[in-house]
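Colleague: Chains as they are written, first to last, in our numbering: chain D, 1 to 250; chain C, 1 to 202.
Hints are not guaranteed to be accurate.
Unchecked claim - Here are the simulated distance ranges between beta carbons:
#1 C:PRO149 to D:VAL225: 42 to 48 Å
#2 D:PRO129 to C:GLY193: 25 to 31 Å
#3 C:GLY193 to D:VAL50: 20 to 26 Å
#4 D:TRP228 to C:ALA70: 25 to 31 Å
Said to hold, decoys possible - One-sided and incomplete, this derived list gives chain C residues near chain D with beta-carbon spacing under 7 Å:
#5 PHE28
#6 THR29
#7 HIS39
#8 THR42
#9 PHE112
#10 LEU116
#11 ARG178
#12 VAL181
#13 PHE198
If you are wondering where the hints come from, they were derived from the structure by calculation, not from laboratory data.
Each residue gets a CB set at the ideal place from its N, CA and C atoms; glycine is no exception.
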Amino acid sequence: MTPPQPPTQAEISAEIAALSGSRPGLAHPDRGYAPYRSSVLRHPGKPLVVVKDPEAVELTGPAFGVSDVTDLDSDLTRQHTGEPQGERMTVTGRVLDRDGRPVRGQLVEVWQANAAGRYAHQRDDHPAPLDPHFTGAGRCLTDDEGRYAFTTIKPGPYPWRNHTNAWRPAHIHFSLFGRAFTQRLITQMYFPGDPLFPYDPILQSVTDEAARNRLIATYDHDLSVPEWSLGYRWDIVLDGPAATWIEEGR
Amino acid sequence: MGTPASPAPLEPTPSQTVGPFYGYALPFTGGEELAPVGHPGTITVHGYVYDGAGAPVPDALVEIWQADEAGSLKGAPGSLRRDPVTGGILGRNGVDFTGFARIATDASGRWFVRTLPPGPHRDGAVPYLSVCVFARGLLHHLFTRIHLPEHAAALAADPAFGELSEARRQTLVAVEERPGVYRFDIRLQGGAGEETVFLDFA
Chain D
1 MTPPQPPTQA EISAEIAALS GSRPGLAHPD RGYAPYRSSV LRHPGKPLVV VKDPEAVELT
61 GPAFGVSDVT DLDSDLTRQH TGEPQGERMT VTGRVLDRDG RPVRGQLVEV WQANAAGRYA
121 HQRDDHPAPL DPHFTGAGRC LTDDEGRYAF TTIKPGPYPW RNHTNAWRPA HIHFSLFGRA
181 FTQRLITQMY FPGDPLFPYD PILQSVTDEA ARNRLIATYD HDLSVPEWSL GYRWDIVLDG
241 PAATWIEEGR
Chain C
1 MGTPASPAPL EPTPSQTVGP FYGYALPFTG GEELAPVGHP GTITVHGYVY DGAGAPVPDA
61 LVEIWQADEA GSLKGAPGSL RRDPVTGGIL GRNGVDFTGF ARIATDASGR WFVRTLPPGP
121 HRDGAVPYLS VCVFARGLLH HLFTRIHLPE HAAALAADPA FGELSEARRQ TLVAVEERPG
181 VYRFDIRLQG GAGEETVFLD FA
């Protein structure tokens, strides 16, 4: 059996163009988005069963506290004995629900490639240097205003094998908990002006342009620290019902 | 804080795939050991995550949130517990039931959780384990529920699932393999088997 040839960027770009603007007004990507080849066999073929009245199990969520996070967890540049390579930056923003209420005291987890575009993961065989001073995983709890903040270095873009000449735009993975399990979200934050955006089927899987733009952070010069770091701001809005009867400050 | 509710709902941040490299950030040692150490009521639920070709998915992440034996959903912090000196993972304290489990599938696509049977979270409720599945290739996570077989009849009477065929509804019920050990496979897509029923909380 001859393995099928990977598609060219032109073929993937044509598929992206054909789906662009589909699902207007819908924030979340279709789980079966063919230009992202890994999705083809990994999405349900049957419609999801709509549960109009979620049970309390879905309308509550796990609790995380000070024992789950250490002070150094939110500074990805201080997890080793030396300085990591790359452009130091801070990323901050608020986690809100769809009513604009801050999501307080909840766990935010991030992971990312190093400045050279390589993950500290055994299965990342991209021939870019590993950085002994950078692992790329962090976590924090949101404060009373729903704010999170991380100090890290800007991740590099990296190749992947979805198609020939496939490169991921620089991004940071975010994992979020809300007040309800239904608000659970894993997403990716991108950087403004990245020339790789139009070529990337994972970002372009969000086919509504306004929704896609919500994945891109804003550079905030007032957040930049002289001689030290650049600042990016990115707010996150969690979808899904939250139980109104839960004490908001939980 | 007193933030007034916005007149129009805010637009949600879109989901993106967990990708292949979450392994050093999300899973934690003991993530599958939800039952307090030595609890006599401990059960094991295990299974595989399969794709549409019937191949196991080695890079999926399964999360579980559930009531405790008494039906309480209060949860307790301390699922992740970090060492304040080294930042390393201490794991659970083995005493509290936190209600939250996080399990990465292994190289063979298999996962398991050792937990306690959930109690009814309200009078007359059918207890279950709420499951959230992430995987490389899955652009938006999926929710499902694990029911223990003794609750299969109550599940069949639940109007929310009345439209489903018997075969589809059975995908929400674990199979007891031997006392205290249950099998629950998650099929992301039909084709090689009956696709798991996934839920949309409108």
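Colleague: Hints broken by the structure, by number, lowest first?
Modeller: Hint check: 1, 2, 4, 5, 6, 7, 8, 9, 10, 11, 12 fail, others pass.
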